[in-house]
Structures are given as C-alpha cells and as structure tokens.
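Q: This is what each chain is made of:
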Amino acid sequence: MSKKLPVVTSRGGTVEPPRLTPAPPPGRLIDSPRFPAQAKVELGNPVQRKNLHHAMTTIRDKRARVAGELDNWEDLRLAGEAIKNRTLRHLDTYLVQLEENLTAAGTEVHWARDAEEANRIIVGLVEASLGETREVVKIKSMATQEIDMNEALEEAGIAAWETDLAELIVQLGHDRPSHILVPAIHRNRSEVREIFNAEMGTYGRPAPEGLDTEPKNLAGAARLHLREKFLRSKVAISGANFMVADTGTLVIVESEGNGRMCLTLADTLISVVGIEKIVPTVEDLEVFLQLLPRSSTGERMNPYTSMWTGPASGDGPQTMHVVLIDNGRTQVLSDPKGREALRCIRCSACINVCPVYEKVGGHAYGSVYPGPIGAVLTPQLRGVTSAVDASLPYASTLCGACFDVCPVRIPLPDLLVHMRHKVVEGKKAKGGVHTESAIMKATGRMFSHPRLWAAAVNAGALGGKALTGRVKHFGPLPWPLSKWTNARDVPIPPTESFRAWYARTHHEDGSLK
Amino acid sequence: MTTTSTSPGRSFADAPGWGKTVALFAACANDVMFPQAPIATTRLLERLGCRVVFPKKQTCCGQPLVNTGYYDETVPIVRNFAKAFEGYDYVVAPSGSCVGAVRHQHQMLADHAKDPGLRRDVDAVVAATFDISEFLVDVLGVTDVGAYFPHVVTYHPTCHSLRVAHVGDKPMRLLQAVRGITIKDLPDADRCCGFGGTFALKNPDVSVAMAADKARNVASTGAEYLVAGDNLCLLNISGVLGRQQSGIRPIHLVEVLASTEEES
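Going down the list, the protein sequences come from chains A and B. Just so it is clear: in the first sequence, position 471 is 1467 by my numbering, and no numbers are missing. Just so it is clear: in the second sequence, position 34 is 489 by my numbering, and no numbers are missing.
Quick caveat, the hints were computed from the structure, so don't treat them as lab data. Any given hint could be a false lead.
Here chain A is said to cover these stretches of chain B; the calculated rule only asks that three of the stretch's residues, wherever they fall, bring their Cβ under 8 Å from a Cβ of chain A [claimed, not checked]: (1) 606 to 618; (2) 694 to 708.
Simulated pairs of lysine to aspartate or glutamate, EDC-like, Cα-Cα distance not exceeding 20 Å [as the list claims (entries may be wrong)]: (3) A/K1437 x B/D527; (4) B/K475 x A/E1151; (5) B/K512 x A/E1252; (6) A/K1046 x B/D660; (7) B/K639 x B/D660; (8) A/K1479 x B/D624.
The beta carbon of each residue, even a glycine, is placed where N, CA and C say it ideally should be.
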C-alpha cells in the first residue's frame, strides 16, 4: 500500500479513509483570510490573549536578562550578521562544499526545488526504510512544517508523530502551531490536560487516570505516550539548526531530549533543511551557539546540542539522508534587500517582543512563520499574490522592537517597508483604480507642492473656527474615520495653524514682530 | 529684538543658543492639529538665545507614504524637504518620529530615485536635522532649560524617537531637570502604543487593543499629564484616555520644557 484510497461504502458512496494522525484544521494556510480579518477573530479569544500575554512577558524578560549579561553581546550580533552575510553571498559554493562533505561522511544528499518535490523525495525515502509499522517520529522542525510534510505522509498512509512536547499538544489538539519556538504558546495547562485526556488514547497510550494540570505530570503523560513510538519507529525525521559546510556536520539544538531519542533510536534519519541553514566552519558555531539559546529560550546554554557527521558504525541511525529544500529561498536571495531575512536562525526573539503578535498570536499570520520575521519572510517565499500574503507586511506598527533583539541584525522594520513597496508595485502593475493609491498620489502631490499644503493648513484652521464652541472633540464618526473614532476621541483642529501664528508673531528672518 | 536670555541679569551672549539660527521643522500634523508644540519649540529656543526661522516651503517628511509602500510618491516630498531646509546648520523638529524618518529614510529614497544630486542634498540636510531633545542636550549642551511644571507626569518614550531617531535618555534628563515636576514610572514604557501611522487604519482592531494596554498603564501611574515627544502617539493614547474620561491630559515634551514659573 502506498497511497490511501477513498473507501467505497455498502451504499455505493465513498468516505474518506480513517486518518492515522489527528487531522489539522481544514484548508491551506495560503488561503487564510487577510491578517486584519483573522486578527479580529483572534482578539475575540480572551483565554488565548491571557495565555499569550503571560508567556510572552516571561520569555521576553528572560531573553533581556541573559542577553544583558554578556558585555560582548553587540559584537556577537555583528559577528552573526557577518557570518550569515558571507554565507549567503557565496551560498552556491558552500552548498557544493556541504554536499561533498555530507557525501564523504556517508550521508545521502537530495535536492528539492519546492514543497511538492521535497515531500515526494521524503515519502520515497521513508517507504524504503519502514519497519513493521508505517510510522515515523519527528523532531520539531520548521522546514517540515513549511512543506506540510505530515499531511504528505498521511496521504501516503504513513503516520508522522510529533515528539516535541508543544508540537505534540498541537498535533493532538487538531491545531496548528502558533509560534516557531513554543508552538502551543496559545494553550494553557488546563487546555493541555483536556487535549491529552481526549486524544491520547485514540493515537496510542492513553493519558494516565486522574491526570492533573501540574506541568511535571503533563510532561510525564507525554513521555509515556511517546516512549512506545520512539521504541517502535524505524525512521526519524529532523530538521537542522545549522549545517557545517566544511565538515558535513548537522547540528540540532533542543530542550527536551526527544530529539536525542530520535537521533539515536531510529535506523534511518532523514533531515529536511532549508538551503540557507549553512555556516562555513565549526568555529562559526561559537557565535551562534551563544546567540541562539539566549535569544530564543532565554537560556545561557540550551540543554541538548546534538551534532553528527554521517552515521557512526554500530551506534545510532545507520542510514542518513539530507533533503535540502529551496522552496522560494533562491527567489528571496535574488533580492539584495529582501535576502537579509535569510540570515534568520529561527530564534523567535522578534516574535516574542512584537506587540502585534502578543495581541493576536500566530494563527492570524496564515503561515508557519508568524510575527515580524513571518511578515517579511512568508510574502517573499510565497510571493504577494494571495490576500493574506499581501496583508502581512502591514501587520506591524514598525515600532522597531524586533530589530533591537534580532541576534543576526535583520532590519525587520526596513524589510516590512520594503515588502509594502513590493505589494504597492504589484497593485500598480495590475492596473485599475485603488482608493489607497489615489489617496497616496494626491497626498504626495500636496506634500511636494508647498502652496497646496499651505492652503490645506488654512482649510484646517477654518474648519477649527467653524467648530469652535460647538464641540470639544469628535466622538464616533462615519466610515472610514470610524476605524479611528470607534475607540478614540479626536480633538477638533485649532483655529490658528502654527504657520499662521508664526507669520503673526515673527518676521521671515526670525526676528519678533 | 530677537531673544531674551535664560535668566534676568545675564547677557544674550551667555545664552547657550546665542549666535545659532535654527530652521524649525514644525512637522505637518503639528502645523495643522497641534500648533502648541512648534510654538513651544520656538519660544523655548528663543529663550535659550537661538534665532528661530520657519522655512515656508516645508510640508511633511513623507513618512506616511513611504511606510505604506509608496516610494515613487514620496521622492518629490524628499526633494521638497531638502530644498526647504537647504543651507541651514540646524533643522530642529518637535518629533522623534519625523526626525527618525528624515534620518533613516530620505537617503534610501534618494537612492531609490537613482538621483546622486538629491542624495548629496539629502546627506547635508540629514546631518543637520535634530529632534528638539537632541538639539538641547547635544548641541546646546543643556539639560536644565529653566522650566517649571508643578505637576505629576508620566513619560512615554515613543518607538521612533527611541529606536529610529535614537534620542536615548535625553528627554528624561530634560524632564528630570524641570522644577516642580513629579515623574511617575510608566509600566512597559517602551512598548508600542499601537498607532503605527496607517497601521491604525489598516489594522484598527489590533491598534485599539494595543492603545488600550498603553492607556491602562498610563492611568495606573496616577499622573495628571502624559508626556511624549510625538503628538500622533499622544493623539492615539489620549484618544482612548479621553473616551474613558480618565482626566489625564496629553502634553508634548517641549511644552513642558517651555513652561516657566512666570507663566504659571
């Protein structure tokens, strides 16, 4: 059996075959509603808002504390930026070098242009390596989320089990991750207990009787549930935080040890990695293994750092594959400004400080990459043609908190503006009349013709005079001003503009009248 | 006569701004909606001995357009700005955000226009442009500007003044030197208020949720006045505070600094 086929029922109709793993929410992420629309939905969830506020505040404070401990933090950031820039500038050379060294170490290298090709390769590799059961265990990986690998495996009749605690919560909850580091950050302990109680038994060992909401006990339930999957699965699938070009070494940084289980117990290890994850030498890890844990979990050093250079005889997986995925990355690389986003090491510091993310969570972004990095990366990887992708660059106040914490100094606010420009250029190229473009064109004209602007200033003061004594401020106004006044008062314009005051009190040379 | 000295009995030549001519960039929103801020800037700088001129060709820094993605429409605004303020040693604005936009975006836009002449003009103007707090502390070398403001205030450091213009702790040092003032710490002070220019219109619901947090933090301080260096952030926060009848009044930093004992 390779592909699951619809089952014909006794009445002649067809039903979907039963799923092996919990079904995620229906639909494709790229078809998500525009950011403002989904954000409004998410804002209406008070439990999620409380969970996010609590978790974000904690993780933000932790990061600030441990980053502040190092007096060479800014030097480390500069080094991280420089290493990644050099790598991206010569990515072609480093990729070839990496392939040579991976191959020399006994790892088979596969190249995938896009998600479809990557999934085809992965399904083929898994099929060839399965044991008695059609299942794989997974280490938390953004690349496999990005290509929606679990669903491709499900289609092929193979169960992919998430083994990271938060990813397990998300998977069992028929949910999608809302954060790249802490995927279940939108859930609290009671919700986790409910999910475990309701779902674990369907997909393996049930939750223990009388499970309470103590984090220790919830983790214990997950450990028991996962253990049998670890022991049974012959194939493990991972991503990688770094790939070292000059040695062919892969690096995974994790907190729970589930990754170590996958990396040691399986017979076959398939690592799915974006082509930008390269560092040139092992020495470069010195910089990133300081930057990453402090920026992401707010730890000085992460609990489990695994590095492997091909199979080790008689120990751990004896067959190793690396699937290198492009999936839009070379397109990003072709834009000298936009490519700065490819420096990202997926630490999530920008997400954790983002005040917009904190309000709405990750599901509003219609992508596996939420927050500021998602708002610049997703529309570059996928283009700005879908409704959600065109709205993402505007999902920020440009407050700049993200750049300040980014360990590789990605100028996120500048990139957001850069992507807004691309959205506007796309609109213009399409033609037709847009209200916003018309307003912006008229505003641009007014602000580049001082006389037009002076006339507008005078009109404002006339309006102020007409309203004087009648109202103190504006309350709710009709659309589109209602977007502002639904929740905020607006003062009426003053009766005298600044320039009128200046002309009344000063000569042009600055002397007083 | 052009100026008065900082205190009676001292000559004009002792004033920190003596001999300096400042081109005031009022900022478009201030010109129309909040003239008190540029008026206070003018009065304060004159009190410190500067000559303040108002180049009439000035309009806007272009930020609302460029931040919405309209580069081509912003280039003529940048050109106008460079022309309006050409040749001045000091261009001073009561807005960290507008100064940040000039400093951080005008060169990019000149490059976008592929116009080396404009880039040259922009380079000169950018080097001469200061937020009022920077001009006072860095150029005039004063933190005590002789202000008197016998009120309880809390200070919101606006995002662009902090993270684009990089004014640092200068506004706070200026405030701390004001006589009679009581400054209350604002919880989560450096979190964005949710304004974000066109963000407030494109994402109204998220914007209001953020403004509500900021307003709650402001109200928790028990301050009479909310002080900031950007009037549009103040408009956003005070719009919520006003709707709640909180009684907390917004005031621009420079209006506090311009207040004197004689006036009060």
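Q: Broken hints, numbered, in rising order?
A: 4, 5, 7 and 8
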